[in-house]
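Work out the full structure: start from the sequences and follow the hints.
From first to last, the protein sequence lines are chains P and A.
Just so we're aligned, residue 1 is where the first sequence starts under the numbering used here, counting upward by one.
Just so we're aligned, residue 1 is where the second sequence starts under the numbering used here, counting upward by one.
None of these hints come from the bench; they were simulated from the model.
This one's a predicted model, so the numbers in the text were calculated from it and none came from an experiment.
Worth double-checking, as some hints may not be accurate.
Stated by the list, open to error - Computed list of lysine-lysine pairs in DSBU-like fashion (alpha-carbon distance at most 35 Å, straight line):
| hint | chain 1 | residue 1 | chain 2 | residue 2 |
| --- | --- | --- | --- | --- |
| 1 | A | Lys160 | P | Lys58 |
| 2 | P | Lys116 | P | Lys239 |
| 3 | P | Lys235 | A | Lys162 |
| 4 | P | Lys31 | A | Lys10 |
| 5 | P | Lys58 | P | Lys163 |
| 6 | P | Lys20 | A | Lys10 |
Said to hold, decoys possible - Computed Cβ-Cβ distance ranges for the label pairs, DEER-style:
| hint | chain 1 | residue 1 | chain 2 | residue 2 | range |
| --- | --- | --- | --- | --- | --- |
| 7 | A | Leu58 | P | Tyr227 | 52 to 58 Å |
| 8 | P | His96 | A | Arg55 | 52 to 58 Å |
| 9 | A | Pro62 | P | Ile53 | 17 to 23 Å |
| 10 | A | Gly95 | P | Tyr139 | 51 to 57 Å |
| 11 | P | Tyr227 | A | Gln96 | 48 to 54 Å |
| 12 | P | Lys85 | A | Glu57 | 55 to 61 Å |
As the list claims (entries may be wrong) - If you want the ones that stay clear, here's a sample from chain A, every Cβ over 10 Å from chain P, calculated:
| hint | residue |
| --- | --- |
| 13 | Leu6 |
| 14 | Leu13 |
| 15 | Phe17 |
| 16 | Arg30 |
| 17 | His54 |
| 18 | Thr133 |
| 19 | Leu150 |
| 20 | Leu154 |
For glycine and all other residues, C-beta sits at the position ideal for the given N, C-alpha and C.
The residues making up each chain are set out below.
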Amino acid sequence: MFGRSNKPGFGLYGRRPWLKRAHQTFHLYRKLFLVFVFILISVFTLGLSYANIPFATKVRVFLTDLTTPVMTVASIPYDLTISTKNKIYKWIYTYHVLDDLEAENVTLHTQVNRLKSLEDENKKLRKLMKMVPDRFRTYITARIVAYPGRPFVKSILLNAGAKDGVEEQQPVLTEDGLVGRTVDVGDHSTRILLITDLNSRVPVIIEGINEHAIMAGDNTDHPILKYVKQISKIKVGDKIKTSGRGGVFASSTPVGIISEIDGATIKVQPYVDLEALTHVTLVTPLVDHRLIRME
Amino acid sequence: MFYDMLLRYKLFLKYCFPLFSIFIAVILDRFHVFRALPLEPNLTFPMIYYWTIHRAELLPVPGIFLAGILDDALGGTYLGQNTLEFLFLYGAVLGQRQYLLNASFFMSWMVLFFLSLGLMVIEWGIASLISQTWLDATPLFLENTLSVVLYPWLTYLLNKIKD
Chain P
1 MFGRSNKPGF GLYGRRPWLK RAHQTFHLYR KLFLVFVFIL ISVFTLGLSY
51 ANIPFATKVR VFLTDLTTPV MTVASIPYDL TISTKNKIYK WIYTYHVLDD
101 LEAENVTLHT QVNRLKSLED ENKKLRKLMK MVPDRFRTYI TARIVAYPGR
151 PFVKSILLNA GAKDGVEEQQ PVLTEDGLVG RTVDVGDHST RILLITDLNS
201 RVPVIIEGIN EHAIMAGDNT DHPILKYVKQ ISKIKVGDKI KTSGRGGVFA
251 SSTPVGIISE IDGATIKVQP YVDLEALTHV TLVTPLVDHR LIRME
Chain A
1 MFYDMLLRYK LFLKYCFPLF SIFIAVILDR FHVFRALPLE PNLTFPMIYY
51 WTIHRAELLP VPGIFLAGIL DDALGGTYLG QNTLEFLFLY GAVLGQRQYL
101 LNASFFMSWM VLFFLSLGLM VIEWGIASLI SQTWLDATPL FLENTLSVVL
151 YPWLTYLLNK IKD
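Shown next, in the form of structure tokens:
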């Protein structure tokens with residue numbers, strides 16, 4: 001009698017439809033109030049995150065660490081599709097590629113012989129000059145598990161973290177050139193700020209005229225050059241490489257070429273196709289090889 | 001006994017699916033699934049829109065908040081940036097749920113389009129405020145529009161799953 005019934009007019013609210021409406025309205029307003037409370041919490045979280053409070057960074061890093069294994073597994077079918085497509089492509093064009101590779105091989109052999117003699121000469125000269133040996137860098141290769149999500153952020157997520165030797169502010173490269181630098185490093189994941197992001201600043205040098213500048217991302221595919229003094233001397237096609245100033249990026253890493261000059265706006269076309277990346281190389285901080293020998 | 005367990009399992013899945021699918025959409029948005037296209041559609045906000053209309057009782061507010069925080073963490077935005085957007089969308093749809101439930105599909109689609117414009121203004125406003133510069137909203141507008149264009153297919157798919 002007092003329970004739920006299928007008969008019209010005898011449900012939970014009996015013959016009182018106004019009670020049902022009141023109940024529904026109460027639930028709606030209760031939920032809307034909860035939405036309002038969580039909006040306030042979000043604003044507060046945004047404030048903490050913007051102020052770079054360590055706790056907010058820790059939460060972000062924890063969440064990315066937590067989801068990286070899921071992202072890695074989820075990316076397997078996608079990676080398989082891409083690698084299969086590449087294999088088919090290679091299989092179709094094998095003969096054409098082989099011809100090109102044979103010609104390239106001959107050129108490279110000549111260059112290797114020349115480089116070997118130069119290396120020997122370099123060693124002898126360094127010995128004569130009693131030069132302090134160069135420190136060298138080590139490299140870590142990692143896979144990309146997440147790409148930029150929204151138009152106002154240009155960053156990627158890697159499946160390597162502090163436990164693999166990654167540190168903050170490390171340069172990230174591919175064989176073609178500079179990709180960006182590490183920003184948030186978790187135990188098993190790392191976020192890379194791409195050179196196209198609005199917050200990216202890279203000290204560069206324009207080859208040929210040796211003009212120093214800052215390459216600033218603007219969220220488009222073509223970062224712009226800032227603080228250039230000799231604009232008249234710059235022309236489209238000039239090569240850009242890192243200057244090494246600031247200490248984050250090693251000098252002479254290829255970055256891109258100048259693609260457009262419109263008054264004071266100079267745009268750069270990066271060498272690396274940032275949309276087609278699958279793996280990247282992280283350059284670890286400089287290591288003194290004498291210390292490694294001692295170990 | 002086994003049938004009973006299976007039924008409970010099915011019921012559990014049915015209850016969890018709306019929120020679970022939103023989390024999946026957040027993760028899928030991080031892959032360039034539609035790399036052939038010049039733009040990537042956003043799957044999450046049409047998904048929130050759909051489930052808020054059809055299964056609002058299965059979408060807890062803290063769940064939407066967590067999905068937003070995850071989206072921010074994975075996407076590299078400040079924590080709370082996209083969360084705000086998700087909560088605004090959820091609140092706006094919840095307020096007009098009765099109307100949207102009885103509205104035609106075309107009307108519901110148009111409402112999504114106008115809501116996407118509102119969300120675009122919120123996201124663009126927050127991003128511009130944070131970066132202290134007027135950002136170009138064109139890519140965001142195109143991305144949101146593409147998501148709205150794909151909404152009928154998403155609805156078709158989710159209707160199949162829902163039933």
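Do the hints match the structure? See the list:
no. : hint                            : result
1   : A:Lys160 to P:Lys58             : 40 Å, violated
2   : P:Lys116 to P:Lys239            : 27 Å, holds
3   : P:Lys235 to A:Lys162            : 59 Å, violated
4   : P:Lys31 to A:Lys10              : 27 Å, holds
5   : P:Lys58 to P:Lys163             : 16 Å, holds
6   : P:Lys20 to A:Lys10              : 29 Å, holds
7   : A:Leu58 to P:Tyr227: 52 to 58 Å : 55 Å, holds
8   : P:His96 to A:Arg55: 52 to 58 Å  : 55 Å, holds
9   : A:Pro62 to P:Ile53: 17 to 23 Å  : 21 Å, holds
10  : A:Gly95 to P:Tyr139: 51 to 57 Å : 54 Å, holds
11  : P:Tyr227 to A:Gln96: 48 to 54 Å : 51 Å, holds
12  : P:Lys85 to A:Glu57: 55 to 61 Å  : 43 Å, violated
13  : Leu6                            : 25 Å, holds
14  : Leu13                           : 18 Å, holds
15  : Phe17                           : 17 Å, holds
16  : Arg30                           : 4 Å, violated
17  : His54                           : 15 Å, holds
18  : Thr133                          : 8 Å, violated
19  : Leu150                          : 17 Å, holds
20  : Leu154                          : 18 Å, holds
Violated hints for the displayed structure, listed by number in ascending order: 1, 3, 12, 16 and 18.
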